[in-house]
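Participant: The lines below spell out each chain.
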Amino acid sequence: MPIWLDDLLLNFFSLEIIREAWPILLQGLWQTVLLSLLVVPLGLAGGVMLAVFSTVRTPWVRWPLMVWVDLFRALPPLVLLVFVYAGLPFAGIEVNAWTAVAIGFFLNTGAYYGEILRAGIESVPAGQSEAARSLGLSRLRTMRLVVLPQAVRNVLPDLVSNTLEVVKLTSIASVVALPELLFQARQAQSVTYNATPIMVAAIAYVLLLWPLVRLVSRLENRQIAGKR
Amino acid sequence: MTGWERFVDSFFNARVAAEYAPKVLEGMGVTVLLALAVIVAGIAAGLALAVLRAMGVRVVNWVIVAVVDVLRALPPLVIIVLFFFGLPGMGIQMSGFVAAWLALSLVLMAFAEEIFWAGITAVPPGQWEASRAIGMRFAPTFFLVILPQAIRMVVPPLTNRTIAITKGTALASVVAVPEILGAAQAGVSFSFNPTPLTLAAVAYLALFVPVVFLGRWVETRFAWKR
Chain A
1 MPIWLDDLLL
11 NFFSLEIIRE
21 AWPILLQGLW
31 QTVLLSLLVV
41 PLGLAGGVML
51 AVFSTVRTPW
61 VRWPLMVWVD
71 LFRALPPLVL
81 LVFVYAGLPF
91 AGIEVNAWTA
101 VAIGFFLNTG
111 AYYGEILRAG
121 IESVPAGQSE
131 AARSLGLSRL
141 RTMRLVVLPQ
151 AVRNVLPDLV
161 SNTLEVVKLT
171 SIASVVALPE
181 LLFQARQAQS
191 VTYNATPIMV
201 AAIAYVLLLW
211 PLVRLVSRLE
221 NRQIAGKR
Chain B
1 MTGWERFVDS
11 FFNARVAAEY
21 APKVLEGMGV
31 TVLLALAVIV
41 AGIAAGLALA
51 VLRAMGVRVV
61 NWVIVAVVDV
71 LRALPPLVII
81 VLFFFGLPGM
91 GIQMSGFVAA
101 WLALSLVLMA
111 FAEEIFWAGI
121 TAVPPGQWEA
131 SRAIGMRFAP
141 TFFLVILPQA
151 IRMVVPPLTN
161 RTIAITKGTA
171 LASVVAVPEI
181 LGAAQAGVSF
191 SFNPTPLTLA
201 AVAYLALFVP
211 VVFLGRWVET
221 RFAWKR
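Protein sequence lines correspond, in order, to chains A and B.
Using the numbering used here, the first residue of the first sequence is number 1, and each one after it goes up by one.
Using the numbering used here, the first residue of the second sequence is number 1, and each one after it goes up by one.
Derived by calculation from the structure, the hints in this document are not laboratory data.
Any given hint could turn out to be false.
To be verified - Covered by chain B, per the in silico footprint, the following chain A stretches (three or more residues, Cβ under 8 Å):
(1) 68 to 76
(2) 90 to 97
(3) 135 to 142
(4) 166 to 180
Just so it is clear, CB atoms sit at the ideal spot from N, CA and C, and this is done for glycine as well.
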């Protein structure tokens, strides 16, 4: 066996280390799944709220909302997370890692989902809501039963693609010591002085997210094909 | 001190701000440098891969699709950490800056390849047929007729993706690169005051709010004609 291959196996694919680190990596994977199940619905809820409010024509509502969305789209999520986690305690508000991640993701991914859904709502012809209103549906029911379902369908590829990005983004929670997959892998790596745990984590991410990547690809291709 | 005074003293402390503003400004320089290096390398490599894929060698295309898929499924932070902490074991040392640059460039390459490729396949086949019919060979057809149209079509999605990945430069703080966030975090731990983080947020907003507006403008300017 050539030396470099031996080196590669020893440093990135050591079976002994995999056996040792397996339990805590598995815990990390579980936390990553839980974290995703928390932040995706949270971001979606924030996004729906932002998008629905952005249909209000009053400038006093529209402008602050646009500033809000642009502000949180301009700040890198990690900066937001560190600000919440390391900054808020100075203001006398103690936050643990989970709360900090929840707040940071709500602000950041909420703004992204909001922008996508707003584009979706704008893509629904005005005649749809006019017709629904003239049939006697209230504003809220028009939005919920007529406009939103069509809006979501129109921007489905962007929604799925953003969801993929959000799940990947949960890895930044490792920076605030939330024991998700990357954090556990780095712990194992620093104890064993071997990069195998990080490699295993990387493979786990690929196995977990590859189906979603394929789905995004297919949806996007269909969208482009439809537009030409 | 009242609550409000304490809040101002914590987040908008003039003395701390004056002390750490130069560091954060230096950090801005590092962020801009890293971002530009990532944009140039990532988009160039992505375009090169898309062109290679258009050559239509089946085995090569399988490899490209596999590499791109893996890079799209991996969180950028995982790649940075893998390069920075993993490769030294193989005898390859790299600074945090190089690790972050390489990782983010690879990620942008993967997304740019997908986007360019989508653009190439979206050019109507009639364009190919017409060029071939007037006697142009494959290469001139591809580079002079197809690719320019493809690139123009993909400007909006490419701009948005590039902006998103450029914001990942903040991840470099994890591998001790003194960019904006790294410089600010060092400032917080020296001064026991979060004002440097406020400075960092302001610095990022100063850099990225114009970029977000640029993205909006590009989206309307180059919009798909329906």
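Participant: All hints are to be evaluated individually against the structure, with a verdict given for each.
Facilitator: These are the hints, each one checked on the structure:
no.: 1; hint: 68 to 76; in the structure: holds (count 6)
no.: 2; hint: 90 to 97; in the structure: holds (count 3)
no.: 3; hint: 135 to 142; in the structure: violated (count 0)
no.: 4; hint: 166 to 180; in the structure: holds (count 7)
Hint compliance for this structure: hint 3 is the single one not met.
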